[in-house]
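Novice: Residue-level listing of the chains:
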Amino acid sequence: MADTVIKLRLNQQQLELMDRTIANGVAPDRAALVRLALREYAAARKAETKAKPNDLEPVR
Amino acid sequence: MSERRVLFEHILEPGTGKGIELLKGQILRIEQVEGGQCADFNCFNLHDYKEFMHCGRTRTVHGFHPSKGTFMWSAPPRERAMLYILEDTVGRNDVLFPRCSAYVYEASYGFAVHTNCHDIQAEAQREYGLTPDDVHDSFNLFMCTGVDQDGHAYMTRQTTKAGDYVDLLALMDVLAVPNICGADVMRTSNFALKPLKLTVFAATEADLARVPKTPTLKSQRTPKDFRNPTIKSDRPLRRDPAYKPEFPNTPIRITELPVALSEEELAAFNAVKRTDIYGEDDAAALRDLLFSWWEERFLQAHAGAPSIESE
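Here the protein sequences line up with chains A and B, keeping their order.
Numbered continuously in our numbering, the first sequence closes out at residue 569.
Numbered continuously in our numbering, the second sequence closes out at residue 373.
What the hints contain is simulated information worked out from the structure, not anything from laboratory work.
No residue lacks a Cβ here, since even glycine has one placed at the ideal position from N, Cα and C.
Check before you lean on any hint, since a few could be wrong.
[Unchecked claim] Label-pair distances were calculated between CB atoms; the ranges are:
| no. | chain 1 | residue 1 | chain 2 | residue 2 | range |
| --- | --- | --- | --- | --- | --- |
| 1 | A | Lys555 | B | Ile314 | 31 to 39 Å |
| 2 | B | His109 | A | Leu524 | 37 to 45 Å |
| 3 | B | Glu189 | A | Arg518 | 50 to 58 Å |
| 4 | A | Ala541 | B | Asp350 | 12 to 20 Å |
| 5 | B | Pro277 | A | Leu524 | 19 to 27 Å |
| 6 | A | Ala556 | B | Ser324 | 41 to 49 Å |
[Unchecked claim] Calculated lysine to any residue pairs in the SDA-like style (CA-CA distance at most 25 Å, straight line):
| no. | chain 1 | residue 1 | chain 2 | residue 2 |
| --- | --- | --- | --- | --- |
| 7 | A | Lys555 | B | Phe353 |
| 8 | A | Lys555 | B | Glu318 |
| 9 | A | Lys516 | B | Arg359 |
| 10 | A | Lys516 | B | Leu69 |
| 11 | A | Lys516 | B | Lys306 |
| 12 | B | Lys306 | A | Gln522 |
| 13 | B | Lys335 | A | Gln521 |
| 14 | A | Lys555 | B | Lys306 |
| 15 | A | Lys516 | B | Asp338 |
| 16 | A | Lys516 | B | Lys335 |
| 17 | A | Lys555 | B | Asp338 |
| 18 | A | Lys555 | B | Glu358 |
| 19 | A | Lys516 | B | Lys259 |
| 20 | A | Lys559 | B | Ala329 |
| 21 | A | Lys516 | B | Glu318 |
| 22 | B | Lys259 | B | Leu69 |
| 23 | A | Lys516 | B | Tyr340 |
| 24 | A | Lys559 | B | Ala333 |
Bound conformation, chain A alone:
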């Protein structure tokens, strides 16, 4: 199955934050940063769901 492309709409400030994060070595480029965010966010929610099945909100 072909990849699904989602087009994020981001302003220059949001891109600046992403680029500074990338410059710190977190991910090689913007799209990779989004995919990393997705993987880690989903993994955290999955772990939470096991612990608290009715609460998908992050614990702050």
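Here the structure of chain A is known, so what remains is to put chain B in place on it, guided by the hints.
Specialist: Relative to the frame of chain A, chain B by itself:
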């Protein structure tokens, strides 16, 4: 450890307030004489009264009940730590409630004149040339408050005893203005007006060593950074015909960032995306996810509050 040196003592009588020049490195102790008395408190940069304590910022950083180990911050764009709460024997103060005012006592109780925190503050601040409009949102010491399940703030009686105190350490030269809360027909001070004792100490090295470091940032601007550094000296507002807006980072420009998701990634996204908020707008949901993740992974302080190094 060396002893603190007493520099000034004053009994704050019911119905009164007092402006105190509290210099950097000095401690103001506000102490219960009989117990059960709320103190309202204002604070200004002694050298620039336009910098003043900001309860809104303080409550965001430290919550509704600032106590030992927290700071009192000045308003944007200064946003500097003005005071540090070095000691607090009770641990129940308030930055939710506004100061009580003459309006409250007239509207709710029918008083033509009644002691009230706004007017007491204004009268105390007049000693330093300030006007009633300069009184700002109050830090309410010893005031016992909370928020009910419907989101309304409430106050209850307090349990403070004689000798309970809060020590405020000045991190800059300030005009500190405590006053005896004027509320004797409310629960604030257990339905009576009582004195409070004020003591100013010179902080010891040990006191100063207890203050956590706070960040120094470019965004903490002072009048030298303002496009208009001149304090307006008349009351009417008139448009400046030469005004040209210079809002930062404008115009806001939108860029599209295509992100290709594999089948597995798409499944993960579909499992967590916030359709309750974004419906079918996957781009908005993925943007939310991106910055929610960023907050979780990188943001050190609650609600965007300044980071503070722990002791």
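Novice: Taking the hints in turn, state whether each one holds.
Specialist: These are the hints, each one checked on the structure:
1. Lys555(A) and Ile314(B) have their C-beta atoms about 35 Å apart, which keeps the hinted 31 to 39 Å range intact.
2. The given range of 37 to 45 Å is respected by His109(B) and Leu524(A), whose C-beta atoms sit roughly 40 Å from each other.
3. Between Glu189(B) and Arg518(A) the beta carbons are some 56 Å apart, a value that agrees with the proposed interval 50 to 58 Å.
4. Against the hinted window of 12 to 20 Å, the Cβ-Cβ separation of Ala541(A) and Asp350(B) comes to about 19 Å, which satisfies the hint.
5. Evaluation of the 19 to 27 Å hint for Pro277(B) and Leu524(A) yields a pass: the beta carbon distance comes to about 24 Å.
6. Separation of Ala556(A) from Ser324(B) is about 21 Å and departs from the stated range, judged on CB atoms against 41 to 49 Å.
7. Taking the CA atoms of Lys555(A) and Phe353(B), the gap is about 18 Å. The hint holds against a cut of 25 Å.
8. Pair hint Lys555(A) plus Glu318(B) does not hold up; C-alpha atoms about 29 Å apart against a cutoff of 25 Å.
9. For the given pair, Lys516(A) sits about 23 Å from Arg359(B) by alpha-carbon distance, which is consistent with the 25 Å threshold.
10. Note on Lys516(A) and Leu69(B): the hinted pairing is violated, with a Cα-Cα distance of about 65 Å set against a maximum of 25 Å.
11. With a CA separation close to 35 Å, the supplied pair Lys516(A) and Lys306(B) exceeds the 25 Å bound.
12. A threshold of 25 Å between alpha carbons decides the hint, and for Lys306(B) with Gln522(A) the separation of about 23 Å falls inside it, so the pair holds.
13. A distance of roughly 24 Å separates the Cα atoms of Lys335(B) and Gln521(A); the hinted pair therefore holds under the 25 Å criterion.
14. Of the supplied pair hints, the one linking Lys555(A) and Lys306(B) is violated, its CA atoms being roughly 51 Å apart against a limit of 25 Å.
15. With a C-alpha separation of about 20 Å, the suggested pair Lys516(A) and Asp338(B) falls inside the 25 Å cut-off, and the hint holds.
16. Note on Lys516(A) and Lys335(B): the hinted pairing holds, with a Cα-Cα distance of about 15 Å set against a maximum of 25 Å.
17. Of the supplied pair hints, the one linking Lys555(A) and Asp338(B) holds, its CA atoms being roughly 18 Å apart against a limit of 25 Å.
18. Annotation: proposed proximity of Lys555(A) to Glu358(B) holds, straight-line Cα distance about 15 Å (limit 25 Å).
19. Distance restraint check for Lys516(A) and Lys259(B): the Cα-Cα separation of roughly 64 Å exceeds the 25 Å cut-off, and the hinted pair is therefore not satisfied.
20. Using a Cα cut-off of 25 Å, the hinted pair Lys559(A) and Ala329(B) holds, with the two alpha carbons roughly 18 Å apart.
21. For the hint pairing Lys516(A) with Glu318(B), the CA-to-CA distance comes to about 6 Å; that is within 25 Å, so the pair holds.
22. With a CA separation close to 14 Å, the supplied pair Lys259(B) and Leu69(B) stays within the 25 Å bound.
23. Restraint check: the Cα-Cα separation between Lys516(A) and Tyr340(B) comes to about 15 Å, which is no more than 25 Å; the hinted pair holds.
24. For a cut-off of 25 Å, the pair hint linking Lys559(A) to Ala333(B) stands: about 14 Å separates their Cα positions.
Consistency note: the structure conflicts with the earlier hints numbered 6, 8, 10, 11, 14, 19.
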